[in-house]
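Chain residues, written in single-letter form:
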Amino acid sequence: MATLHTVNKNGQPLELCLRVVNKGDSLLLIEDGVYALFEVPDILAELIKDVSLYVLEADVLARGVSNRNELEIELVDYQGFVSLTETNEKTLSWF
Amino acid sequence: MNYALAVYGATGNSQAGQTALSFAKAVLASGHSISRIFFYQDGVQNASSLSNPPQDEVNLPSEWQALVQQHGIDAVVCIAAALRRGIVDAGEAERYQLPANNLAEGFELSGLGQLLESLIETDRLITFGA
Amino acid sequence: MSQTSVCIISSQSPYRGQGAREALDAALVSASYDLPTSLVLMGDGVYQLLDHQAPDQLPRKNLLAMFKSLELYGIDTVYVDSESLAERGLESEQLLPVYTLLEGDGVATFLATQAKVLNF
Numbered sequence: 001m002a003t004l005h006t007v008n009k010n011g012q013p014l015e016l017c018l019r020v021v022n023k024g025d026s027l028l029l030i031e032d033g034v035y036a037l038f039e040v041p042d043i044l045a046e047l048i049k050d051v052s053l054y055v056l057e058a059d060v061l062a063r064g065v066s067n068r069n070e071l072e073i074e075l076v077d078y079q080g081f082v083s084l085t086e087t088n089e090k091t092l093s094w095f
Numbered sequence: 096m097n098y099a100l101a102v103y104g105a106t107g108n109s110q111a112g113q114t115a116l117s118f119a120k121a122v123l124a125s126g127h128s129i130s131r132i133f134f135y136q137d138g139v140q141n142a143s144s145l146s147n148p149p150q151d152e153v154n155l156p157s158e159w160q161a162l163v164q165q166h167g168i169d170a171v172v173c174i175a176a177a178l179r180r181g182i183v184d185a186g187e188a189e190r191y192q193l194p195a196n197n198l199a200e201g202f203e204l205s206g207l208g209q210l211l212e213s214l215i216e217t218d219r220l221i222t223f224g225a
Numbered sequence: 226m227s228q229t230s231v232c233i234i235s236s237q238s239p240y241r242g243q244g245a246r247e248a249l250d251a252a253l254v255s256a257s258y259d260l261p262t263s264l265v266l267m268g269d270g271v272y273q274l275l276d277h278q279a280p281d282q283l284p285r286k287n288l289l290a291m292f293k294s295l296e297l298y299g300i301d302t303v304y305v306d307s308e309s310l311a312e313r314g315l316e317s318e319q320l321l322p323v324y325t326l327l328e329g330d331g332v333a334t335f336l337a338t339q340a341k342v343l344n345f
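Protein chains in written order, with my numbering: chain D, 1 to 95; chain S, 96 to 225; chain U, 226 to 345.
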């Protein structure tokens with residue numbers, strides 16, 4: 001069952017998400033979760049091989065993180081967030 | 096599709112309410128319906144009628160109120176979580192002889208069963224954690 | 226309600242705020258609707274099952290007492306993520322023996338099968 005995971009901060013929420021994410025799932029970084037672009041780029045670079053990775057545009061722009069998105073992770077707006085919840089049968093929120 | 100949202104964060108130490116509100120607007124703009132928004136844990140603060148931030152800041156409870164009334168969305172606040180955190184309607188204020196009530200119009204207090212019902216009966220339940 | 230099963234994930238430590246208690250409440254309500262309900266403890270959530278808790282010291286209600294009666298309420302299974310135990314230097318003998326250990330990627334495999342999940 002394809003799952004969308006949202007992660008709203010690093011530390012435990014990201015760690016637990018990484019433990020349960022399956023190949024073919026999608027992962028959307030929201031809120032303070034977007035700081036993962038600064039804090040754990042190596043993990044994200046590894047993850048993006050098996051998982052569709054997204055960051056929420058408003059949170060990226062609000063925090064001034066945009067210029068560090070060198071991993072070619074796709075930015076989505078809230079409509080894009082909604083689309084991800086449509087295409088994935090369930091959403092697991094890690095917070 | 097029919098959506099339900101669960102909101103667990105308060106404005107003071109979480110972005111959950113703000114993110115959920117923006118998400119809710121996008122759900123409706125995408126042509127989906129939202130049958131219920133369930134406020135639990137610290138998320139119950141989103142329903143306070145006494146929230147009164149400075150003019151140039153967003154008043155989330157007012158924003159929620161406008162959204163749920165305009166779209167006829169069931170806005171349910173978990174009664175046990177609300178009583179723990181000082182969010183009460185007139186009925187509960189009377190029952191427990193409290194000096195005031197502060198549940199904003201458009202919200203109702205109810206049990207956790209409403210969250211489980213939404214989880215089972217809607218196509219998508221999206222949670223916004225603290 | 227239909228006979229869909231519900232999975233509750235609880236990853237908060239027991240006494241910092243109400244998160245753990247309120248996750249457990251959600252599991253109990255689910256079971257009270259006769260929905261097949263499982264509870265997954267992972268991350269700091271595994272601390273909820275540590276034996277010999279004395280929360281009357283705070284004072285707070287004893288969560289462990291609720292765990293002891295979960296079966297009565299109809300919670301089918303409590304799963305504990307073994308990796309979360311290992312990360313915290315915990316041995317499974319230190320926990321109240323009311324759970325099933327999920328080893329390796331057991332949690333990932335289990336959650337992938339669950340359609341209705343509440344995460345706390």
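Misleading hints may appear alongside valid ones.
Claimed, not checked - Listed below are the simulated DSS-like cross-link pairs for lysine-lysine, each with C-alpha atoms no more than 27 Å apart in a straight line:
hint : chain 1 : residue 1 : chain 2 : residue 2
1    : D       : K23       : D       : K90
2    : D       : K90       : D       : K49
3    : D       : K9        : D       : K23
4    : D       : K9        : D       : K90
5    : U       : K293      : U       : K341
6    : U       : K341      : D       : K90
7    : D       : K23       : D       : K49
8    : D       : K9        : D       : K49
9    : U       : K341      : S       : K120
10   : U       : K293      : D       : K9
11   : S       : K120      : D       : K49
12   : U       : K341      : D       : K23
13   : S       : K120      : D       : K23
Stated by the list, open to error - Partner residues are not named here, just some residues of chain S that face chain U (Cβ under 10 Å, in silico):
hint : residue
14   : M96
15   : A175
16   : A195
Hints were generated in silico from the structure; no laboratory data involved.
A quick note: this is a predicted structure, and the numbers were derived from the prediction, not measured.
Backbone N, C-alpha and C define an ideal beta-carbon position, used for all residues, glycine too.
When the hints from earlier in the document are held up against this structure, which numbers fail?
Going through the list in order, the structure violates hints 10, 11, 13, 14, 16 and respects the others.
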